[in-house]
Amino acid sequence: MDSKIDKKRFKRVSRRELIKLTPVIALGAFAIPKLQAPLLKAGLGFSDWASSLMFRGGHLAPTFAASAVTPFEKFPINDYDVDDPEVDLEHWSLSIGGAVQKAGNYSLAQVQMLPKYTQNTRHVCVEGWDVIGNFSGARLSDFLKTIGADVTSRFITVECADGYYESLDMATALHPQTLLCYEMYGQPLTREHGAPLRLTIPTKVGYKQAKYLTELKITNVLEKVGYWEDQGYSHYYGL
Amino acid sequence: MATRVLEIENPKDGEITEAVYEHPFIVRACHWVNAVALFVMVGSGLQIFRAFPSFGAKIPQKDLINWPKSLAIGGWLGGALQWHLTFMWIYIASGLIYIGYQLFSGNYKQVLFVPRDVAGVWPMVRHYFFLGPKPPAKEAYNSLQKHAYTSAIVLGVLSVLTGIAIWKPVQFSWLAWLMGGFHYARLWHFIVMWAMLAFVFGHLVMVVLHGWNNFVSMLTGWKKDPEYRAE
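For the protein sequence lines, the chains are A and B, in the order given. End of the first sequence sits at 459 in our numbering; the numbers just go up one at a time, nothing left out. End of the second sequence sits at 225 in our numbering; the numbers just go up one at a time, nothing left out.
Do not take every clue at face value.
As the list claims (entries may be wrong) - With a Cα cut of at most 27 Å, we get these calculated DSSO-like pairs of lysine-lysine:
#1 A:LYS294 with B:LYS162
#2 A:LYS322 with A:LYS227
#3 A:LYS224 with B:LYS162
#4 B:LYS63 with A:LYS254
#5 B:LYS162 with A:LYS227
#6 B:LYS162 with A:LYS444
Worth flagging that the hints you see were computed from the coordinates, not collected in a lab. Keep in mind that this is a model prediction, so the values were computed, not measured.
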């Protein structure tokens, strides 16, 4: 079974095998400053696309017993600017626009007229910490019906009183656990937690769950994605 | 699978050196791609960890370690996530291609630690600690090597599974549940990383100790002058 070969020919054989590996060097493109940002953007885009395929509209996020809920005072308050953007709660309304039949301003009472759902779900922060919170509110899907939203549109965008902004894919917006949340732990939202209305989305990471909502639009085109996304975070970040 | 063996003849003095084809192309390619991917995954993972360097509660937060930024990749959390979520696909692809190839080609017999290898582990450990003679080599890898490589493959699979449990704790809630929930999946992911790094450390030490011909074999596939007689 052994075959003889002279030294020179063995060198050629070895070299040919070594040259076969040269495509591996293509990974070095990630080290080239000019290519790095576009490559990573493409990688993250691929990851987001794969994420959206994994999303199942009927699959519920785990819910927890009351005993597992993190105490209210240990539920972190994360903001990018101020804890309290001093929303005028008396005169607050949610401005609705975009691909809807009934655009206009909606009061908190109109949101609260919809069936109320309460859930103990896990809130996962992109930083790595997690807490289990108690959230109540109306299903975003019910509200979309109320305003006559075109649910074949691709996105929902929101603006917030503190200048924060976010966007959400329609499939996630229609998920039964996606709430327009006005109560946490059985009490109206405190100012730090986004009074009077915030998003609770147990199928998304924390930064998608915007607080202090002021504006909601239905659209097919995103001019901007979200405060953190526009600085390089994942656009989709579904859990 | 029959091993390819060559006898290299030096035309000057007629001296014969044996060479064995130890590492097929797919194995070598996956090895190097995986080495790069693992490097990026660990570096960016440690930067991600810096955002919340704890496995306890957020309030009050007790940091485990303050990992230096200079030993991390990505510069900030968002940057590190871009690296991590890009290279995880490369890491997974190289792992799947490697495992698939090994299974279908039958080449897995070279690395897979099986029950009959158990007896060979202790003599090899004794040898490495200068407590015993070197056990005779019969094949490419000795029992202890097989144990190390098989463990590394298992750790690779675990690193992906624990990672998925953190990345998708809702869609793969059963996976997160198996690990004790999102919170503990994060801890397992961290532990698996250190276990993998322990393997890499041992692996690199052995590469240095076993010399040039051994190192070159992972580049060209051919190992000159092997310690064993190929059959």
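Worksheet entry | Holds or violated: LYS322 (chain A) to LYS227 (chain A), with C-alpha atoms at most 27 Å apart | It is violated: about 83 Å lies between the C-alpha atoms, which goes past 27 Å.
Fill in: Restraint status (C-alpha distance of LYS294 (chain A) to LYS162 (chain B) at most 27 Å)
Distance ~24 Å between LYS294 (chain A) and LYS162 (chain B) Cα, so the pair holds.
Item to complete: Take a quick look at whether LYS224 (chain A) and LYS162 (chain B) sit within 27 Å of each other, Cα to Cα.
Response: Measuring from Cα to Cα gives roughly 55 Å; hence the hint is violated.
Worksheet item: Does the structure keep LYS162 (chain B) and LYS227 (chain A) at a Cα separation of 27 Å or less?
Response: This hinted pair is violated, its Cα atoms lying about 54 Å apart.
Practice prompt. Sort out whether LYS444 (chain A) lies within 27 Å of LYS162 (chain B), counting only the CA atoms.
Written response: OK: LYS162 (chain B) and LYS444 (chain A) at ~25 Å, within 27 Å.
Fill in: Pair hint outcome, LYS63 (chain B) versus LYS254 (chain A) [Cα-Cα no greater than 27 Å]
23 Å, holds
Violated hints, in rising order: 2, 3, 5; the structure is consistent with all others.
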